[in-house]
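Protein sequences appear in the order of chains Z and X.
With our numbering applied, the first sequence covers 1 to 383.
With our numbering applied, the second sequence covers 1001 to 1191.
Treat the hints with care, as some may be off.
With the Cβ distance kept under 8 angstroms, some of the chain Z side facing chain X (calculated, not the full set) [as the list claims (entries may be wrong)]: (1) Val281; (2) Trp282; (3) Gly288; (4) Ile296; (5) Ala297; (6) Val300; (7) Pro308; (8) Ala309.
It is worth saying that the hints were derived from the structure and are not from the lab.
Glycine residues also receive a C-beta, built at the ideal position from the N, C-alpha and C atoms.
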Amino acid sequence: MRGRLFALTIVATMLLATQGSVANPGGEGNDDRDFTCGGSCHGDPSLSGVSSAVIAIDSSATAFAGTAYQFDTTIEIHEISHSRLLGVFLLGSTNGNGDQPSDHGWTIIQDPAGATDNYVEVSVPNTGIVSLSWVLNAPSTTGDTELFIAVQHGAGYPGDVAYLGVSDAHSIEVNPVPANMPGFAPDWTAPNYRVTGDTSPVSIMTQNVTDIAVEWKLEGESFSHQASVEAGGEDEWLVHLPATMGESRMVYRVTTSNGQFDVVQPWLTMGTAPPEFDGTVWGARAQGFAGAFMIIALFVTLQGILQPARKKDDLDHTAEVEASEPTQAAEESAAPMPEPEPEEETVPSADSERYEKYDEHPDLLWDLVEEKWVDDPNAGGGQ
Amino acid sequence: MFAITFHHLIVGLATGIATLSCASALGAWISTYFVGGSKARAYLDRTAYMAGVVAVPMLPLAVLSGTLAMNDPGGDAMSYNKFLFAGLTIGFLVSMLVGRWRFGPGIWVESRLSSLQVICAVGALVSITILGSIGAKMSLGESTLDILPIYPAFDSSIVVNQWLALVLFLLGLGAMVVAFVLGPKDERLPE
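Take these sequences, add in the hints, and give me the full structure.
See the structure below:
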């Protein structure tokens, strides 16, 4: 009885322990999202708290319509969950819907992760400081516009709530673009990765450009290198960047020119992706079953080899055989005993067919079987 | 439509029963080191045997339901590894069952054969733990093996050409047939 109660207590404790975690601490992944993901726990006043994060924005207050614009932010945060996961939004408003920069005329050329999302999740280092950059194309219409940074995270202790922090609005005056301003094509987005070892040129689409120059460096390096560029199609440039391996990331910066203006564009990032996976389901099935069969073959063979050696008594099955044939045994026992065969001659004799007598050797006999001379006992040989 | 639900159901059953089989086999082996452990060994031996017999047909069903539940099975390293580890699990588990079937419950007291049984049980247990861990990583983003200081690189796999895989399949099948037909004759051991 006590044993059952003990087991019941353990099971109940394990079941109750599962109620301890009801949050979603793994994040939601990078994506295009509205403020607080359009209504998550972080936006619910009864479930959320104000983040202690300090958000600073260090970007230009002016932009030219339809041209590239770099938005830089630095977030300092020291109270965060044990996973150190921080979700960061770049927003055009904080209404809960229609907040994405694209809803306000901006186009994201590249986000901090190398893709084109307005929401990214980053792991906060032990210093508690995160610096992020978005490269955007400014709205094509002129006027004043605003961008915001919002963060959301947990703190990782019992009774924790979902935290939310929002920066002050960063005002940007979008000015009319000077006539013939060279820049990226409005619909061009930067490639966010290349496959390991790929040396194919990177295509850059531009407008109002007669020439471009590209400098590149590996992320974290101080000195940049000049890349070779060749003209592709109309408003297209093919940039030859060296292949990257492993998890290395390359940053590059384009200077667009048309003889009248030289515009230095923001740094763009390009990661390295592993080669495309070339497995098939039938290959996987065949390989999986091959492994199974080989393991079975190996162990069956080992079992046969390592089984205990059978003793001689185990191999002698005479008793079982005789027991299984009672009729034959009975017949054999009932049959008359065969007459004993005459004993083989052991004493040489001249009368025997086995031995021959020769006059030349009166004391010997020739053994036809053994083919040798033996003493003739009748002649006194061997005495 | 119900492939995902069925996969969750059958995976839970298959992993649970296979784990029970392997854990019981380990218990049966450990019992040989205790005086008077024969009664416990008899129970554990039967549990391992019966659970293994039930688990083996469930594993291909789990693979099949998983294949139906995915858009591109075998099209990425994680799902490809699931096929490979499913094969390893089936191989180890069937080897353990074959040993028990050939030599009877007395296999646990024969040191060399019981060591083979334990290798099979541990191999199956490790393989099925990895299988479940990959599945959890794919569906939940986290797994039991996350507690390890170094997470194994299951996002890469050993992929051979499809035709070479077929050759390996035939080779394995032939090796298994040869092992059964031409291998040393076996005899049940006294209990």
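Consistency of the hints with the structure:
The beta carbon of Z/Val281 comes within 4 angstroms of a beta carbon in chain X, closer than 8 angstroms, and the hint placing it at the interface holds. Given hint, Z/Trp282 at the interface with chain X, holds; its Cβ is 6 angstroms from that chain's nearest Cβ, closer than 8 angstroms. Hint status for Z/Gly288 relative to chain X: holds, with the closest Cβ pair at about 3 angstroms, below 8 angstroms. For Z/Ile296, the shortest C-beta to C-beta distance to chain X is roughly 5 angstroms, which falls under 8 angstroms, so the interface hint holds.
Against a cut-off of 8 angstroms between C-beta atoms, the interface hint on Z/Ala297 holds, since the closest Cβ of chain X lies about 4 angstroms away. The closest approach between the C-beta of Z/Val300 and any C-beta of chain X is roughly 4 angstroms, which is under the 8 angstroms cut-off, so the hint is satisfied. Annotation: interface hint on Z/Pro308 holds; nearest CB of chain X at approximately 6 angstroms, less than 8 angstroms. Contact between Z/Ala309 and chain X, as hinted, is not supported at the beta carbon level, the nearest pair being about 10 angstroms apart and thus beyond 8 angstroms.
In summary, the structure is inconsistent with hint 8 from the numbered list given earlier, while agreeing with all the others.
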